[in-house]
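Participant: What follows is each chain in one-letter form.
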Amino acid sequence: MSIKIRMRGKSKAGIAEVKALIKHPMESGLRMDKKTGKPHPAKFIETVEIAVNGKTAVNAQWSGAVSANPYVSVKVNANSGDEVSIAVIDNTGAKGSSTLKLK
Amino acid sequence: MKKTLLIALSLGVSVLATSSMAATIDPEKDRQQFVDFFKAKNPNITPEEYVNGAYVYSADKMAQWEAAEEFPPYLDAIDEGEALYNKDLAIYQLCFDSDVSKIRAKYPYFDESTKQVVTLEGAINKCRTDAGLKPYGWKKGPIAQISAYLADNARGQKIDVKVESDAALAAYTAGRDFFNKPRGQFNLSCAKCHVDNSGRNARSNTLSSALGHTTHFPVFRAKWQNLGTLHRRYEGCQKNIRAQPYKPQSETYRNLEFFQAYMSNGLEINGPGYRE
Amino acid sequence: MKRRSFLKGTLATGATVVAVNAGLLTPTTVLAEWNSKAFSSKTTEDALSSVFGSSTATASSDIKLKAPAIAENGAVTPITVDATAISGVESIAILGSKNPMPLVCEYTFAPAALGFVSTRIKLGQTMNVVAIVKADGKLLKAEQEVKVTIGGCGG
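Which chain is which? The protein sequence lines are A, B and C, in order. So for the first sequence, numbering that gives the first Met the number 0 puts the first residue at 0; every next one is plus one. So for the second sequence, numbering that gives the first Met the number 0 puts the first residue at 0; every next one is plus one. So for the third sequence, numbering that gives the first Met the number 0 puts the first residue at 0; every next one is plus one.
Hints in this document: simulated from the structure, not taken from any laboratory. Incorrect hints may appear among the rest.
[As the list claims (entries may be wrong)] Simulated pairs of lysine to any residue, SDA-like, Cα-Cα distance not exceeding 25 Å:
1. A:Lys22 - B:Ile77
2. B:Lys114 - B:Ser249
3. C:Lys65 - A:Ser10
4. A:Lys102 - A:Glu26
5. C:Lys36 - A:Glu26
6. A:Lys18 - B:Trp223
7. C:Lys63 - C:Ser53
8. A:Lys37 - C:Lys140
9. C:Lys140 - B:Asp59
10. C:Lys63 - A:Lys37
11. A:Lys22 - C:Ala74
12. A:Lys11 - A:Thr98
13. A:Lys42 - A:Asn52
14. B:Lys222 - A:Glu82
15. A:Lys34 - B:Lys28
16. A:Lys37 - C:Lys65
17. C:Lys63 - C:Glu142
18. C:Lys65 - A:Gly53
19. A:Lys18 - C:Ile149
20. B:Lys133 - B:Tyr108
21. A:Lys3 - B:Ala58
22. A:Lys102 - B:Phe70
23. A:Lys11 - A:Ala93
24. A:Lys9 - A:Ala93
25. B:Lys191 - B:Gly235
26. A:Lys18 - C:Thr79
27. B:Lys161 - B:Asn264
28. B:Lys125 - B:Lys28
29. C:Lys65 - B:Arg220
30. A:Lys42 - C:Lys97
31. A:Lys54 - A:Glu26
32. A:Lys94 - C:Ser39
33. A:Lys18 - B:Ile44
34. A:Lys94 - B:Phe70
35. A:Lys42 - C:Gln124
36. A:Lys9 - A:Thr98
37. A:Lys18 - A:Arg5
38. B:Lys28 - B:Ile44
39. B:Lys180 - B:Lys157
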């Protein structure tokens with residue numbers, strides 16, 4: 000099951016603000032499950048890579064302290080028609096990616 | 000001016016709540032008094048802005064809400080609702096307009112034949128059971144997702160609830176009475192918090208105004224991290240004030256929704272919405 | 000260490016371009032060296048030392064840190080760090096001073112990216128949100144207190 004990602008992005012004067020909304024529980028591993036008395040197992044995105052036309056522009060490392068269903072927005076040098084892509088991997092090895100052609 | 004309205008509203012309300020003179024209640028007069036009350040309380044806020052709930056009272060909160068609405072977490076729910084709706088499209092087209100943007104604004108309405116308030120969620124499930132399908136749960140999940148899909152398609156349309164018969168007026172009055180009646184361990188009525196004290200804080204939550212209360216449902220609450228229906232929120236709020244909640248889609252809650260929606264007549268539908 | 004040098008030079012390999020075209024771009028194992036030492040550090044100083052090799056940062060008014068004064072919901076606190084006024088921004092780290100593990104997230108930028116990030120983070124209690132910007136080899140910082148409250152009647 001790959002991680003679902005939504006992207007939005009628009010280029011203006013050579014700069015594009017790229018926004019992504021990722022469907023992921025981002026369990027830190029610290030939150031207690033009241034029923035079992037044990038913590039919910041950690042499941043959170045660890046690495047995020049954002050690229051423009053295949054060339055990496057931003058690399059990020061996340062912890063479980065990033066909010067659930069995470070949102071991230073970055074700004075890159077890019078023009079209309081350029082392709083921006085995002086790829087993520089979580090601590091269990093689950094992956095997700097998405098590509099967007101900038102307006 | 001402000002005090003007089005306040006007194007008038009609470010006096011008028013308490014008098015009518017105990018009297019059986021239902022015939023003297025005029026929903027349009029109520030609504031106008033409601034709108035005037037909020038205008039007097041906060042002259043800088045226009046009635047239309049109240050669709051944004053408690054955020055109108057704090058720039059700090061408004062900024063956080065706008066940050067969330069920039070790429071809101073309920074988008075998945077809208078897509079899921081669309082998929083669910085289209086899956087059983089043949090059934091739904093027997094009950095609803097073929098133009099999905101024309102559905103949300105019709106609810107709630109008073110059905111003269113059954114003498115009951117019909118809500119959107121109620122209509123969805125009735126459509127399902129009439130066709131032999133299993134009904135959905137009332138509080139979250141598929142019912143909320145479909146409601147979100149239909150609300151999103153009706154964004155910007157004005158709420159226009161009609162009270163056009165004695166029976167409808169009785170339902171409206173029942174909802175109104177519920178709204179004004181103190182209940183629970185804290186002896187609070189909906190009006191006490193959401194009219195008299197709207198804009199003030201109950202511990203660290205800012206109380207939203209009852210004007211515009213129903214416009215943004217179903218709601219994605221940060222607390223729930225998912226979507227919920229209006230009746231889910233009614234139940235939750237009642238539990239918060241230590242009052243015995245009623246069942247979602249019970250006659251009590253449907254009448255309350257009828258009254259509340261009427262009070263928001265003329266305001267724009269802006270659901271689904273993000274809230275704390 | 001490997002991560003940073005990978006970014007500077009050997010990035011846009013043919014393999015990466017092909018992967019994108021095939022819709023298969025995923026972080027490679029070389030990039031995915033998650034800095035577990037930094038993320039399990041219990042103090043801001045330890046976290047910064049693990050990430051940047053130093054915890055000394057100079058306050059800078061050129062960093063625009065946007066955070067709410069009172070978080071409506073600590074688990075979903077919107078934060079924006081805008082360091083676009085600074086030249087040569089290499090990376091931005093966001094920390095919560097009183098979170099059990101202060102380091103929340105860290106971003107490294109290639110020349111094609113601006114020194115800007117906006118996201119939503121979890122704050123467990125009232126604390127300072129700290130934004131560290133590494134630019135031209137120097138560490139700069141901006142911080143702001145965010146009040147995190149327990150709900151009231153909203154539950």
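Participant: Each hint needs a verdict: does it hold in this structure or not?
Facilitator: Now the hints, each set against the structure:
In summary, the hint linking Lys22 (chain A) to Ile77 (chain B) is supported, as the alpha carbons are separated by about 14 Å, within the 25 Å threshold. Distance restraint check for Lys114 (chain B) and Ser249 (chain B): the Cα-Cα separation of roughly 14 Å lies within the 25 Å cut-off, and the hinted pair is therefore satisfied. Taken as a hint, the Lys65 (chain C) and Ser10 (chain A) pair is honoured in the structure, with Cα atoms around 23 Å apart against an allowance of 25 Å. Under the criterion of a C-alpha separation no larger than 25 Å, the hint pairing Lys102 (chain A) with Glu26 (chain A) is inconsistent with the structure, at around 34 Å.
A distance of roughly 19 Å separates the Cα atoms of Lys36 (chain C) and Glu26 (chain A); the hinted pair therefore holds under the 25 Å criterion. For the hint pairing Lys18 (chain A) with Trp223 (chain B), the CA-to-CA distance comes to about 23 Å; that is within 25 Å, so the pair holds. Straight-line distance between C-alpha atoms of Lys63 (chain C) and Ser53 (chain C) comes to about 22 Å, which keeps the hinted pair within the 25 Å bound. A C-alpha spacing of about 37 Å is found between Lys37 (chain A) and Lys140 (chain C), which places the hinted pair above 25 Å, so the restraint is violated.
About 23 Å separates the Cα atoms of Lys140 (chain C) and Asp59 (chain B), which keeps this hinted pair within 25 Å; it holds. Straight-line distance between C-alpha atoms of Lys63 (chain C) and Lys37 (chain A) comes to about 40 Å, which puts the hinted pair past the 25 Å bound. With a C-alpha separation of about 16 Å, the suggested pair Lys22 (chain A) and Ala74 (chain C) falls inside the 25 Å cut-off, and the hint holds. Under the criterion of a C-alpha separation no larger than 25 Å, the hint pairing Lys11 (chain A) with Thr98 (chain A) is consistent with the structure, at around 19 Å.
With a CA separation close to 30 Å, the supplied pair Lys42 (chain A) and Asn52 (chain A) exceeds the 25 Å bound. The straight-line distance between the Cα atoms of Lys222 (chain B) and Glu82 (chain A) is roughly 35 Å, outside the 25 Å bound, and the hint therefore fails. Proximity of Lys34 (chain A) to Lys28 (chain B) is assessed by CA-CA distance (about 51 Å); at most 25 Å being required, the pair is judged violated. Restraint check: the Cα-Cα separation between Lys37 (chain A) and Lys65 (chain C) comes to about 36 Å, which exceeds 25 Å; the hinted pair is violated.
The suggested pairing of Lys63 (chain C) with Glu142 (chain C) holds, with an alpha-carbon distance near 10 Å, which does not exceed 25 Å. Between Lys65 (chain C) and Gly53 (chain A) the alpha-carbon distance is near 31 Å, which puts this suggested pair outside the 25 Å criterion. Restraint check for Lys18 (chain A) and Ile149 (chain C): the C-alpha separation of about 30 Å exceeds 25 Å, so the hint is violated. Our distance criterion of 25 Å between C-alpha atoms is met by Lys133 (chain B) and Tyr108 (chain B), whose separation comes to about 24 Å.
A distance of roughly 33 Å separates the Cα atoms of Lys3 (chain A) and Ala58 (chain B); the hinted pair therefore is violated under the 25 Å criterion. For the suggested pair Lys102 (chain A) and Phe70 (chain B), the alpha carbons sit about 17 Å apart, so the restraint of at most 25 Å is met. Straight-line distance between C-alpha atoms of Lys11 (chain A) and Ala93 (chain A) comes to about 34 Å, which puts the hinted pair past the 25 Å bound. For the hint pairing Lys9 (chain A) with Ala93 (chain A), the CA-to-CA distance comes to about 28 Å; that exceeds 25 Å, so the pair is violated.
Using a Cα cut-off of 25 Å, the hinted pair Lys191 (chain B) and Gly235 (chain B) holds, with the two alpha carbons roughly 17 Å apart. A hinted pair counts as satisfied when its Cα atoms are at most 25 Å apart, and Lys18 (chain A) with Thr79 (chain C) qualifies at roughly 13 Å. Note on Lys161 (chain B) and Asn264 (chain B): the hinted pairing holds, with a Cα-Cα distance of about 9 Å set against a maximum of 25 Å. With a C-alpha separation of about 33 Å, the suggested pair Lys125 (chain B) and Lys28 (chain B) falls outside the 25 Å cut-off, and the hint is violated.
Distance restraint check for Lys65 (chain C) and Arg220 (chain B): the Cα-Cα separation of roughly 23 Å lies within the 25 Å cut-off, and the hinted pair is therefore satisfied. Of the supplied pair hints, the one linking Lys42 (chain A) and Lys97 (chain C) holds, its CA atoms being roughly 22 Å apart against a limit of 25 Å. The hinted pair formed by Lys54 (chain A) and Glu26 (chain A) fails the criterion: a straight-line CA distance of about 30 Å is larger than 25 Å. For the given pair, Lys94 (chain A) sits about 23 Å from Ser39 (chain C) by alpha-carbon distance, which is consistent with the 25 Å threshold.
Between the alpha carbons of Lys18 (chain A) and Ile44 (chain B) the distance comes to roughly 32 Å, so the proposed pair goes past 25 Å and is violated. The hinted pair formed by Lys94 (chain A) and Phe70 (chain B) meets the criterion: a straight-line CA distance of about 21 Å does not exceed 25 Å. For a cut-off of 25 Å, the pair hint linking Lys42 (chain A) to Gln124 (chain C) stands: about 22 Å separates their Cα positions. Simply put, Lys9 (chain A) and Thr98 (chain A) have alpha-carbon atoms about 13 Å apart, close enough for the 25 Å limit, and the pair holds.
At roughly 8 Å between alpha-carbon atoms, Lys18 (chain A) and Arg5 (chain A) fall within 25 Å of each other, so this suggested pair holds. Proximity of Lys28 (chain B) to Ile44 (chain B) is assessed by CA-CA distance (about 21 Å); at most 25 Å being required, the pair is judged to hold. With a CA separation close to 28 Å, the supplied pair Lys180 (chain B) and Lys157 (chain B) exceeds the 25 Å bound.
Hints 4, 8, 10, 13, 14, 15, 16, 18, 19, 21, 23, 24, 28, 31, 33, 39 from the earlier list are contradicted by this structure; the remaining hints agree with it.
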